[in-house]
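All chains, full assembly: derive it from the sequences and hints.
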Amino acid sequence: MSSKRVAVCQMTSVGDKASNLQVVSKLISDASKENVQMLFFPEACDYLCDSKKDTLDSAETLLTGDTVKSYRELAAKHNVWLSMGGVHERDEQNPTKMFNTHIIIDNKGDIVQTYRKLHLFDVEIPEKNIRLKESDFTSPGSNVVTPVDTPVGRIGLEICYDMRFPELSTTLGSMRADILTFPSAFTYVTGMAHWHTLLRARAIENQCYVIAAAQTGQHNAKRRSYGHALCVDPWGEVLADCQEEGPCYKIAEISSEKLADVRRNMPVFQHRRTDVYSLYTLSLRNKLLAEHSLTTVASTTSNQTQDVENSEPMYVFGQAKVPESCVFYKTNLTYAFVNLRCVIPGHVLIAPIRLAERNRDLNDDEASDFFKTVRLVQRLMEKVHNVNSSTVTIQDGPEAGQTIKHVHCHILPRKKGDFIDNDLIYLELAKHDKVSPTQPRKPARSLQEMREEAAMLRKELEIMTQESEKHN
Numbered sequence: 001m002s003s004k005r006v007a008v009c010q011m012t013s014v015g016d017k018a019s020n021l022q023v024v025s026k027l028i029s030d031a032s033k034e035n036v037q038m039l040f041f042p043e044a045c046d047y048l049c050d051s052k053k054d055t056l057d058s059a060e061t062l063l064t065g066d067t068v069k070s071y072r073e074l075a076a077k078h079n080v081w082l083s084m085g086g087v088h089e090r091d092e093q094n095p096t097k098m099f100n101t102h103i104i105i106d107n108k109g110d111i112v113q114t115y116r117k118l119h120l121f122d123v124e125i126p127e128k129n130i131r132l133k134e135s136d137f138t139s140p141g142s143n144v145v146t147p148v149d150t151p152v153g154r155i156g157l158e159i160c161y162d163m164r165f166p167e168l169s170t171t172l173g174s175m176r177a178d179i180l181t182f183p184s185a186f187t188y189v190t191g192m193a194h195w196h197t198l199l200r201a202r203a204i205e206n207q208c209y210v211i212a213a214a215q216t217g218q219h220n221a222k223r224r225s226y227g228h229a230l231c232v233d234p235w236g237e238v239l240a241d242c243q244e245e246g247p248c249y250k251i252a253e254i255s256s257e258k259l260a261d262v263r264r265n266m267p268v269f270q271h272r273r274t275d276v277y278s279l280y281t282l283s284l285r286n287k288l289l290a291e292h293s294l295t296t297v298a299s300t301t302s303n304q305t306q307d308v309e310n311s312e313p314m315y316v317f318g319q320a321k322v323p324e325s326c327v328f329y330k331t332n333l334t335y336a337f338v339n340l341r342c343v344i345p346g347h348v349l350i351a352p353i354r355l356a357e358r359n360r361d362l363n364d365d366e367a368s369d370f371f372k373t374v375r376l377v378q379r380l381m382e383k384v385h386n387v388n389s390s391t392v393t394i395q396d397g398p399e400a401g402q403t404i405k406h407v408h409c410h411i412l413p414r415k416k417g418d419f420i421d422n423d424l425i426y427l428e429l430a431k432h433d434k435v436s437p438t439q440p441r442k443p444a445r446s447l448q449e450m451r452e453e454a455a456m457l458r459k460e461l462e463i464m465t466q467e468s469e470k471h472n
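Okay, so the sequence shown: first residue is 1 according to the UniProt record's numbering, each after it adds one.
Worth flagging that the hints you see were computed from the coordinates, not collected in a lab. Where hints are given, some of them may not hold.
[Said to hold, decoys possible] SDA-like, lysine to any residue: derived pairs with alpha carbons at most 20 Å apart:
1. K287 / R176
2. K133 / D122
3. K330 / N359
4. K470 / E460
5. K53 / K97
6. K222 / F137
7. K372 / S468
8. K416 / L427
9. K250 / V23
10. K416 / T274
11. K97 / D54
12. K53 / D91
Right, here's the structure in full:
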């Protein structure tokens, strides 16, 4: 039987980072002697303070901070992978906020992936004098992170309150996650009511293992956590439960055979009615964020652009440039190209070759050729994506959402249910390539990915043209 040993950990973090690190270090040292391949630690494993000021003042950056450096050294020393759930990451762009960031570290001590908590725990009940607002000092993440390959399986990253939003878990499950993680600092009252039920439900409905490391006990005068760090198998059976013990861990085995059996015997993902409903993730990330990588995105982008400019022609697109390899159709007056940041799959753009800022600036020949190209590309994208509808739109002027000073048309092949409210697509179009502190723009696709899509579309367009000629 192919099984992997993991340790789900439980602790009581306090405001003293050094004290918490001693607990983490001992748990790793002890568990590594029992041949576990990966350990899972709870949210706030770095510290848990009782004031907003102390919480913000104690936050560190991931790459330069001493706490994460120590975690990395421990992983390498003991030859184990670590899930450090929900450390306090300093936001260098906004000193009044931080991020709640889940880190995966490999057995060499390298940061493999990070996830910033999407759903912030904001609860305010004035009549009970209850006010717990994570958003007072935390910025939400902006991406669902694709499952991470580890020695114990493909791990879907989440944090605590995320477990109350099943669509996030189902998104990760649909991307073939084997394990869903929920490092947590669950309050005692909500833990008593919902902890086991929610975690078992996430395991059963997504046919994944669930690993939920937890905080336990009294952290300070204001804060008490529920404990019960769990590992649940894909059938909903609880394999490990730390109850309310102080610093401890429980070992569980992750079985690929168990996963395969459950999914084969009840193939729920094959039974999903995607013709009636769907989950479409608007913002996915599979690469490390620039600020979490030793190689910054800025230098990578600069080198990539420089390499492209030295090796192939570029089309002027307003204040930007489009590599010729990303163009899949062109006439003497118009060209169509793949998108750097797609709102939905198949989102492509069409622009006149001549730099014309507004629709009114096109001459009659350009306008005619431009619209003919729009019609052709729409047919192509609907054929490639097997749909019968498209959103075809021009953001003509800054008040209409135009950010590139070059008239262009968006073609977006549409499927039923790709947005809960159909008009939300216009909101996504308006913000998808803009920079905002509260709504960071979607991550750019790689040049290689765009080149491959353009090559595929050129081939499909040739096939469509040949078929059309046969019928005529």
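message = What's the verdict on K416 and T274, does the C-alpha distance respect the 20 Å limit or exceed it?
response = holds, 8 Å
query = Quick one, are K372 and S468 close enough, alpha carbons at most 20 Å?
reply = With Cα atoms ~16 Å apart, K372 and S468 stay inside 20 Å; holds.
ask   = Would the pair K53 and K97 pass a check requiring their Cα atoms to be no farther apart than 20 Å?
value = holds, 10 Å
key: Hinted pair K470 and E460, Cα distance within 20 Å   = holds, 15 Å
query = Given the hint that K97 pairs with D54, does the C-alpha gap stay at or below 20 Å?
reply = holds, 12 Å
task = Could you grab the alpha-carbon distance between K330 and N359 and see if it respects the 20 Å cut-off?
result = Given that 20 Å is the threshold and the Cα spacing comes to 19 Å, the pair holds.
request  = Below or equal to 20 Å on CA atoms is what counts here, so check K416 against L427.
outcome  = holds, 18 Å
request  = Assess, step by step, whether the Cα of K287 is no farther than 20 Å from the Cα of R176, and give holds or violated.
outcome  = holds, 17 Å
ask   = Taking only the CA atoms, is the gap from K133 to D122 under or equal to 20 Å?
value = holds, 4 Å
query = Is it true that the CA of K250 sits at most 20 Å from the CA of V23?
reply = Judged against 20 Å, a Cα distance of about 15 Å means the pair holds.
inquiry  = Can you confirm whether the C-alpha distance between K53 and D91 stays at or below 20 Å?
reply    = At roughly 14 Å apart (the allowed maximum being 20 Å), D91 and K53 satisfy the hint.
inquiry  = So if I understand the rule, the pair passes when the alpha-carbon distance is 20 Å or less; does K222 with F137 pass?
reply    = Roughly 17 Å between the alpha carbons, so the hint for K222 and F137 holds.
In this structure, every one of the numbered hints holds.
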